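Student: The task is simple: from the sequences and hints, build the whole structure.
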Amino acid sequence: MFTRERLLEIYQRSRSGKFMKEVEYDLMLAKRVQELLKEYDIKYDPKNVCPADDDMADRVFQAGLQLLVDVGAYHLDTQRVIKFTKEEVLDCLRLAPDTLYLGEGKDMVIAKHRNIEDPNPPLNLTGPAGQACDEEYYLANLTSYAQEPYVDAIESGATLTYNGYDIMAGTLMEVLAVQRDAATAREAVRRVGKPGMHIGDAATGMTAIGKMAASEPINGLRPCDGRLVAQMCELKIDDDQLNRVPYLLNNGNHIINLMTPLTGGVGGGPDGVAVVSVAETLLGVVAYYADYHYLSITHIKRANNSDEWGMYVLAMAGQAMARNSHIVWTCDPFCVSGPVTDELLYEVAQHAVISTVCGYTQHGVGATGGFEPNHHTGLEAGFQGEVGVATANSGITREKANEIALKCLKKYEATFDTPKRGLPFQEAYDLKTLQPIEEWKECYRRVKADLAKWGLQFTVGPWD
Amino acid sequence: MYSNWLPEIVRRSEAGPYIKESDYDMKLTKRIPELIKEYGLVYDPNVLVPSDDDLANRLYQAGLDLFLEMGVYNMSTQRRILFSRDEVEEAVALVPRSFTVGAGKDSVIMQHRGVESSIPCVIHSGPTGTPASEKYHPFILASCAQEPLVDCLGAGSVSTYQGEMIIPGTPLEILAVQRDAAVAREAIRKAGRPEMHINDVASPLTCAGKISTYNPEWGMRSTDGLLISQMVELKTDYDQLSRVARMKTLGMHIVDLMTPLIGGLGGGPVGTVIVTIACHLLGVMCYQASYHIYGHMHLLHSTDTDRMGLWGYAAGGQALALNTPIQSINAIYTQAGLGTEQALWEIAAASVACTVSGIHQGGVGARGGSTEDHTSGLENRFNAQVSHSSLGMTREEANGYVLEFFSKYEETHMNPPGGKPFSEIYNIDTLEPTEEWLEKYHTVSDAIVKTGLDINNRWKEVKRKSN
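Chains as they are written, first to last, in this note's numbering: chain Y, 335 to 798; chain H, 112 to 578.
Derived by calculation from the structure, the hints in this document are not laboratory data. Treat the hints with caution; some may be incorrect.
[As the list claims (entries may be wrong)] Taking lysine to aspartate or glutamate and the EDC-like style, the derived pairs with C-alpha atoms no more than 20 angstroms apart in a straight line are:
#	chain 1	residue 1	chain 2	residue 2
1	H	359	Y	550
2	H	246	Y	339
3	Y	570	Y	422
Everything numeric in this text was worked out from a predicted model, so none of it was measured.
Tutor: Put into structure tokens, the structure is as follows:
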């Protein structure tokens with residue numbers, strides 16, 4: 335469909351598209367989303383956060399596609415709108431991969447497009463989801479993820495300091511830190527005997543320079559690994575993000591389209607944000623050549639997605655893409671609670687259940703919404719993978735997923751205003767044995783027992 | 112002694128004395144004449160290759176003083192990065208006297224060359240500061256890489272990508288630089304020298320552009336190099352410094368590019384040599400460079416083959432060669448275009464001045480690098496022949512040759528013949544120089560032989576002994 339090289343065309347449109355102030359674009363998008371909700375009759379029901387309505391899923395997809403075609407993508411550097419035709423978007427979608435080979439050698443995993451209520455269990459491509467970790471605990475923390483039996487890939491998380499100095503983006507400190515963190519991720523997977531495990535990103539890198547600096551075929555990130563290319567809220571891109579694309583394409587890396595649509599933001603409520611999420615996914619297909627997608631729905635105030643709104647967006651956007659495309663995409667639970675609390679595991683569980691039945695591959699976990707450094711561990715990430723597998727193996731339907739998710743919600747919704755942030759990694763784990771403390775294991779067993787009562791069939795897990 | 116300098120440089124960048132850029136420039140401009148007076152430094156336009164060790168040593172001390180007093184200006188923070196004398200002396204002492212560039216059978220050893228050294232210059236080539244067109248870039252690089260006397264290749268720069276002007280910091284820059292790195296790799300592969308050292312890809316202007324050229328399969332490798340630039344005079348920024356962190360980890364050769372301007376902030380040739388020496392120390396302290404590009408240039412005419420430029424090469428080269436293990440390569444910017452006799456005379460003068468003064472050969476920028484496609488392999492062959500033939504020459508002898516070569520073009524130097532671009536002086540199919548270009552080359556070569564410097568044969572003896 336694109337007669338010239340697609341990147342070159344996008345570049346040209348970013349220079350010649352319609353000039354518009356950012357606030358005008360936001361207003362245009364907000365208005366159009368509301369119109370599309372009416373046109374396509376998309377309605378949110380808080381009692382049904384995981385609707386079993388194929389027709390509505392299709393309408394959400396069509397609305398998302400129409401939104402991207404109507405408003406285009408906003409280029410922050412040039413303040414111009416990059417427009418695409420419907421045919422162009424669908425043609426790029428046709429070319430997007432449905433099967434990915436992540437990692438290498440014996441540790442390679444094959445990620446495939448998943449359908450609604452797909453009996454094939456989802457992979458779990460996890461990690462600290464970009465949350466900050468002290469230099470001191472970084473290797474141990476990543477190793478705690480890599481060693482989990484229900485973890486198929488890690489991403490390298492983020493540190494805030496290098497040799498004790500603050501890392502400023504765009505300085506050599508960022509480059510030094512990213513290189514160290516990529517090598518630390520490599521060391522973590524090596525230590526657990528999985529040296530070819532896929533590493534999804536080096537999240538310390540905030541700039542294109544930082545992301546590129548993670549590449550190194552022996553000690554850093556390899557072509558079989560990935561790197562995030564992010565969108566800014568909503569449907570916004572810039573040259574720093576686009577610069578990563580030709581670099582990653584030529585190096586053969588997996589490109590991961592990171593989206594953080596805000597519930598309560600420009601997209602409005604959950605129905606509008608579901609439409610925006612579809613549009614952003616399609617933008618990642620067209621502009622970023624994404625191999626897979628990473629939907630990180632974020633509540634505008636609490637930075638979580640474990641409320642009804644987040645559940646609905648997850649369910650509807652997932653079903654829309656599952657039914658109308660063949661892409662591989664992931665999502666992460668952003669939670670208000672922290673490690674060594676039952677609440678965190680209920681938040682993770684509802685997300686794993688809904689995402690598994692709605693066609694996603696697992697990604698996560700953002701404990702404490704990223705507010706507390708070091709408050710993330712391998713246990714909750716492995717637990718997400720375990721719940722996802724149990725969900726698929728138990729034949730959970732969307733109706734049943736809705737029921738389980740709402741039961742989970744009851745366990746933690748009262749803490750939204752006074753979240754239990756739990757313990758940091760260095761207190762939640764024995765740093766010598768790299769095992770969770772007994773209290774954390776007990777949380778795991780309690781929540782798992784509840785989920786089993788509600789219909790999930792587990793096999794023996796790591797911390798039973 | 113610091114074992115990990117980079118975080119310390121950031122710390123000093125953030126905590127060093129704040130100063131406006133114009134105030135820094137004024138301070139530097141004021142201090143240089145004082146140093147010239149203090150050290151009794153004098154430029155003699157009739158002696159282009161001085162034979163005065165004491166002058167060379169005093170120039171070095173003045174450059175060291177300037178560096179210590181001014182520090183390095185970080186444009187990102189508007190602060191001065193200051194170093195103590197002990198720190199600089201320690202770092203200079205740790206500079207390696209020799210190292211390998213390239214790999215396997217195509218590797219060469221770059222060694223510190225003293226004054227009047229018998230160690231052959233390493234011959235770098237490629238479009239030095241000269242843009243190439245997308246169409247002819249692959250042919251230009253191949254014409255350089257195939258030259259047997261050429262040891263290393265620079266990938267040069269191309270200003271468009273599929274016809275679009277490349278804007279730094281955009282995806283077009285990334286697309287273009289990756290293409291150009293691959294073109295350089297392909298050029299040396301075609302020449303049967305697949306692991307020849309590539310000293311830079313010059314298209315990128317940003318850190319992201321530079322580091323995106325690294326790819327061991329199709330792009331730059333750890334045995335290659337990339338430039339990290341200084342801004343005139345004695346200035347750096349975080350974009351440049353970030354490259355250091357990346358390249359050190361990859362094990363690449365860092366090439367410190369400086370372009371001190373004669374007639375600029377440093378003043379005349381003496382002041383600019385002092386600045387150039389200080390710039391080398393910046394490259395040691397902040398960039399941890401493997402080698403440096405001694406890239407001084409006339410402020411108005413973009414050349415270094417005038418009297419001041421030639422003296423600058425000789426005097427500064429000797430100052431560094433006598434006082435440090437630092438290695439530099441030149442960048443010969445001729446006024447004349449390619450396909451002309453004058454360009455070759457300009458190259459010959461600079462080549463001799465640099466060879467006896469400890470500097471390696473870095474390549475040629477014809478027409479001051481101002482005109483697209485003014486690069487070919489033949490002038491690099493010529494440069495190598497002159498340089499190798501000058502080995503073992505005394506500075507007095509070299510001065511005689513340089514003055515004689517200079518006399519061939521002095522009158523027309525600033526009103527030079529424009530010459531012809533690559534496509535008109537090379538047969539694109541055979542990748543051989545045209546008869547016209549070869550004739551000019553033979554004419555000047557034979558004329559040089561008549562002066563007593565047998566550039567047609569002496570290089571053979573040098574290569575026989577060094578290979």
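Student: Against each hint, give a clear statement of whether it holds in the structure.
Tutor: Each hint, compared with the structure:
no. : hint           : in the structure
1   : 359/H to 550/Y : holds (12 angstroms)
2   : 246/H to 339/Y : holds (18 angstroms)
3   : 570/Y to 422/Y : holds (18 angstroms)
Going through the hint list in order, the structure satisfies each hint without exception.
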